[in-house]
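> Sequence:
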Amino acid sequence: MEKKDTKQDTYSIRQISDMFNVPSSTLRYYEEIGLLENVQRTESSQRIYTQEHINRLRAINCFKETGLSIAKMQDFFKYDKNLLENIDNIISLLQNHNLELGEKIERLKMNQLHLDHKVWFYSEIKKAIDSNSPWPKWEDYTGDDPLS
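For the sequence shown, our numbering gives the first residue as -12, with consecutive numbering after it.
Source of the hints: derived by calculation from the structure; they are not laboratory data. In this text, all values refer to a predicted model and were calculated from it rather than measured experimentally. Some clues are possibly wrong.
List of simulated lysine to any residue pairs, SDA-like, C-alpha gap at most 25 Å [said to hold, decoys possible]: (1) Lys91 x Lys124; (2) Lys65 x Ser12; (3) Lys65 x Thr53; (4) Lys91 x Thr129; (5) Lys59 x Thr129; (6) Lys59 x Tyr16; (7) Lys51 x Gly21; (8) Lys96 x Lys124; (9) Lys68 x Thr(-3); (10) Lys113 x Asn98; (11) Lys65 x Ile77; (12) Lys68 x Gln82; (13) Lys113 x Lys124.
With the hints as constraints, model all of the structure from the sequences given.
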């Protein structure tokens, strides 16, 4: 039995918008600033997206979710057009972003630990309220809290 290829060749702006959970206006903006290139149009001026655009949007989403600025995304895709001349620039851009992301993750972990202490502290207050006992002091819960 022959397996059918269900992958589409082209997609509408609505399909891409739904696929990436972004408004159509964002896709038009990405096109306007050069993040999405070579978007063809139908005779009625509707945009036509391809697998290449989907791949590009996956990279854009990754960059966006990790905090890379639009200007740096533009640099990345500009460099990507001519790897022979820009391979060092791409590697440097990605390494720097990865380093910044690692630092951000460490800060987030510290903040999460602080929130864990807050949850613990306020849970103990709730227990004290329920048992009509004295309330705990925050200082008693901050021993290994990096933010206290």
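> Run every hint past the structure and note whether it holds.
Hint-by-hint comparison with the structure:
1. Lys91 x Lys124: With Cα atoms ~30 Å apart, Lys91 and Lys124 exceed 25 Å; violated.
2. Lys65 x Ser12: 22 Å, holds
3. Lys65 x Thr53: Holds, at about 19 Å.
4. Lys91 x Thr129: OK: Lys91 and Thr129 at ~22 Å, within 25 Å.
5. Lys59 x Thr129: 39 Å, violated
6. Lys59 x Tyr16: 16 Å, holds
7. Lys51 x Gly21: Satisfied, since the Cα-Cα distance of roughly 15 Å is no more than 25 Å.
8. Lys96 x Lys124: Measuring from Cα to Cα gives roughly 24 Å; hence the hint holds.
9. Lys68 x Thr(-3): 23 Å, holds
10. Lys113 x Asn98: With a Cα-Cα distance of about 22 Å, the restraint between Lys113 and Asn98 holds, given a limit of 25 Å.
11. Lys65 x Ile77: Holds - the C-alpha atoms of Ile77 and Lys65 are around 9 Å apart, at most 25 Å.
12. Lys68 x Gln82: 19 Å, holds
13. Lys113 x Lys124: 13 Å, holds
The structure shown violates the earlier hints numbered 1 and 5.
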